[in-house]
Amino acid sequence: MATSDLKPKDPDLYRRIDPATGEYRVIAPGQTFKSVTEKIVRIVLTPDTPLGWFAIFSVAGAVATMLLVAVTWLFLKGTGIWAVTQPVAWGFAIINFVWWIGIGHAGTLISAILLLFKQGWRNSINRFAEAMTIFAVVCAGLFPLIHIGRPWLGYWLLPYPNSMNVWPQFRSPLLWDVFAVSTYATISVVFWYIGMVPDFGTMRDRAQSQIAQYFYGLLSLGWRGSVRHWMRYETASLLLAGLATPLVLSVHTVISFDFAVAILPGWHTTIFPPYFVAGAIYSGFAMVLTLAIPLRKFYHLEGLVTERHIDNMGKVMLATGFIVAYGYGMEVFMAWYSASHWEAFMMWNRMFGPMGWSYGVLVTCNLAIPLTTLWSRKLRTNIAFMFFISIVVNTGMWFERFVIVVTSLYRDFLPSSWGTYRATKWDYAIYVGTLGLFTALFLLFVRFLPMIPMSEIRMMLPGAKITPKAAAKAGD
Amino acid sequence: MLAEFDTPSDLVRAAQQARHDGWRRMDCYTPYPVEEAAEAIGFHRNKVPLVTLVGGLMGLAAMFSMETWVSVLAYPLNIAGRPTYSWPAFIVPAYEWTILFAGLSAAFGMLALNGLPTLYHPLFNAPNFRDGATTDKFFLCLEALDPKFDLVQTRAYLASFSPVSVVEVEY
Numbered sequence: 000m001a002t003s004d005l006k007p008k009d010p011d012l013y014r015r016i017d018p019a020t021g022e023y024r025v026i027a028p029g030q031t032f033k034s035v036t037e038k039i040v041r042i043v044l045t046p047d048t049p050l051g052w053f054a055i056f057s058v059a060g061a062v063a064t065m066l067l068v069a070v071t072w073l074f075l076k077g078t079g080i081w082a083v084t085q086p087v088a089w090g091f092a093i094i095n096f097v098w099w100i101g102i103g104h105a106g107t108l109i110s111a112i113l114l115l116f117k118q119g120w121r122n123s124i125n126r127f128a129e130a131m132t133i134f135a136v137v138c139a140g141l142f143p144l145i146h147i148g149r150p151w152l153g154y155w156l157l158p159y160p161n162s163m164n165v166w167p168q169f170r171s172p173l174l175w176d177v178f179a180v181s182t183y184a185t186i187s188v189v190f191w192y193i194g195m196v197p198d199f200g201t202m203r204d205r206a207q208s209q210i211a212q213y214f215y216g217l218l219s220l221g222w223r224g225s226v227r228h229w230m231r232y233e234t235a236s237l238l239l240a241g242l243a244t245p246l247v248l249s250v251h252t253v254i255s256f257d258f259a260v261a262i263l264p265g266w267h268t269t270i271f272p273p274y275f276v277a278g279a280i281y282s283g284f285a286m287v288l289t290l291a292i293p294l295r296k297f298y299h300l301e302g303l304v305t306e307r308h309i310d311n312m313g314k315v316m317l318a319t320g321f322i323v324a325y326g327y328g329m330e331v332f333m334a335w336y337s338a339s340h341w342e343a344f345m346m347w348n349r350m351f352g353p354m355g356w357s358y359g360v361l362v363t364c365n366l367a368i369p370l371t372t373l374w375s376r377k378l379r380t381n382i383a384f385m386f387f388i389s390i391v392v393n394t395g396m397w398f399e400r401f402v403i404v405v406t407s408l409y410r411d412f413l414p415s416s417w418g419t420y421r422a423t424k425w426d427y428a429i430y431v432g433t434l435g436l437f438t439a440l441f442l443l444f445v446r447f448l449p450m451i452p453m454s455e456i457r458m459m460l461p462g463a464k465i466t467p468k469a470a471a472k473a474g475d
Numbered sequence: 692m693l694a695e696f697d698t699p700s701d702l703v704r705a706a707q708q709a710r711h712d713g714w715r716r717m718d719c720y721t722p723y724p725v726e727e728a729a730e731a732i733g734f735h736r737n738k739v740p741l742v743t744l745v746g747g748l749m750g751l752a753a754m755f756s757m758e759t760w761v762s763v764l765a766y767p768l769n770i771a772g773r774p775t776y777s778w779p780a781f782i783v784p785a786y787e788w789t790i791l792f793a794g795l796s797a798a799f800g801m802l803a804l805n806g807l808p809t810l811y812h813p814l815f816n817a818p819n820f821r822d823g824a825t826t827d828k829f830f831l832c833l834e835a836l837d838p839k840f841d842l843v844q845t846r847a848y849l850a851s852f853s854p855v856s857v858v859e860v861e862y
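Heads up: the sequence lines are chains B and C, in that order.
With our numbering applied, the first sequence covers 0 to 475.
With our numbering applied, the second sequence covers 692 to 862.
Check each hint, because a few of them may be wrong.
To be verified - Stretch-level coverage of chain B by chain C, calculated; a stretch enters the list once three of its residues show a Cβ under 8 Å from a Cβ in chain C:
hint, segment
1, 157 to 166
2, 183 to 189
3, 200 to 212
4, 224 to 234
5, 239 to 250
These are computed hints drawn from the structure, not numbers from a lab.
For clarity, every value in this text was computed on a predicted model and none was experimentally measured.
Just so it is clear, CB atoms sit at the ideal spot from N, CA and C, and this is done for glycine as well.
Please model the complete structure; the sequences and the hints are all you need to start from.
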């Protein structure tokens with residue numbers, strides 16, 4: 000069908016919809032190689048940082064300082080300042096760890112899995128989604144380190160020849176975690192950096208100040224855009240994507256093993272690996288939306304991060320949300336079908352016990368609100384609504400981990416050892432502090448690094464098409 | 692000798708013709724990957740996948756043998772009577788290290804094969820190169836090392852593709 004056959008009602012909407020697919024355009028029309036480059040470079044290479052940036056950064060920095068205070072106090076006093084004790088021996092530390100790692104997963108999904116599936120729309124959002132991954136992993140990695148009580152001995156987790164003559168126990172999922180998370184952090188950083196090298200080249204060439212030229216020149220490793228380099232670069236990117244895909248699935252699988260190998264009702268299930276991975280992606284996409292929506296507004300990137308991106312992310316959340324819903328359903332079903340008294344009691348207690356309110360929050364935030372509304376395309380492209388949904392899902396996914404950890408532990412097999420869990424102010428200080436650290440790191444990233452991959456956006460512009468005249472000659 | 696083009700199609704056309712006319716020491720410079728240009732100058736395959744495979748196998752072998760050595764010989768632990776050589780449990784860290792080594796090999800192997808980091812390159816001296824090569828211009832470089840190279844004729848030859856400009860770069 001020719002474009003002229005379409006009779007749009009709203010000319011503005013028509014501009015934003017691609018007649019070939021009927022979907023929203025990935026990139027708004029009228030962008031050229033130069034305009035895209037200028038737009039992205041100018042955010043970084045401007046001498047005047049927006050005042051709003053300083054305002055948010057100072058708030059985030061203050062919150063991150065609170066983290067510093069809380070962690071200092073923790074190191075002085077020990078983990079006794081937290082609420083973890085018997086029977087709930089795993090509290091906020093593991094909840095926050097799993098939550099943050101899960102958030103990170105959407106970044107890898109966007110950069111790796113969608114690259115393999117040739118989803119062109121990912122190109123505008125993959126860089127900052129990857130940055131989000133790295134900062135989320137930074138926040139996540141903090142928790143296992145600080146919760147071990149004597150964090151200066153954290154290197155004991157690694158297998159190395161030592162004078163004590165002991166070695167780690169390789170049959171424990173907790174040790175698998177060490178390798179899974181450290182590999183994940185390393186590969187994410189490498190993937191992110193390699194992705195930025197050509198853009199650093201652009202920054203080096205566009206920079207006016209000596210310092211910026213020197214700084215980006217070093218980071219660009221002397222990138223000059225030779226097609227031979229580009230071809231090796233593309234191969235390496237695809238391979239890294241291919242490697243990151245099984246990696247990201249394995250990381251949350253291994254984390255779910257931390258729970259699933261225990262014999263505790265509520266943890267001991269085989270549904271955990273897929274259900275954890277889907278939940279991770281669900282919350283991760285929510286976090287990408289939480290970051291992308293203010294960013295595109297603040298830096299006027301509506302032409303590059305379009306309604307199409309928001310719409311597609313809504314669809315991914317809908318799909319993963321239903322996998323999560325299946326996970327919840329299967330947990331309830333197995334509690335009944337197992338005919339195990341303990342399992343059934345755990346599920347009853349989780350829903351209607353003294354901490355049943357947390358299960359209510361989880362069902363409301365993860366199922367009731369998003370899974371009913373995200374069907375509507377109108378709502379999926381309503382920016383304010385999607386921002387709201389992203390906050391709701393992030394809250395819900397935090398409560399999912401809270402429910403799994405706390406409601407499985409606080410009333411176990413022996414009624415005489417039942418207890419409860421009430422987080423202390425230090426628990427909250429550290430959790431909120433990591434939110435500040437995450438925001439502060441993200442703001443630094445937005446200020447100093449190219450947040451949208453320029454070379455990949457250029458590939459998608461109409462100017463990048465090779466005309467048939469050239470292609471016809473290729474046969475010689 | 693460096694010719695500048697406005698569109699990727701012009702570049703690909705020129706590169707194909709140059710290759711057809713017997714040029715071999717040449718390269719194209721583009722602000723984003725242009726696969727057709729690589730084809731045009733006869734660059735079809737690269738060694739990055741091989742490097743990645745070797746790296747991955749090294750990671751796998753290193754971790755699996757370390758786990759076996761630690762658990763069976765160096766520090767045998769009896770965990771609920773399970774065999775010291777619990778290979779299914781060893782798969783998980785070995786899998787992670789396969790990915791770690793393969794990923795690092797892909798990234799650093801790619802850089803090494805590209806000869807990066809090289810912070811200096813003669814092309815950066817060309818007056819128009821840094822202005823366009825990483826933004827919106829497409830360059831074809833015929834190098835002086837090619838036996839067909841001749842200062843006057845090559846300039847005329849490149850000019851026949853009607854580029855934006857042809858400049859000589861000191862090598």
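Cross-check of the supplied hints:
1. 157 to 166: Satisfied; 4 residues make the cut.
2. 183 to 189: holds (count 3)
3. 200 to 212: Contact hint for the segment 200 to 212 of chain B vs chain C: holds, 5 residues under 8 Å.
4. 224 to 234: holds (count 11)
5. 239 to 250: holds (count 6)
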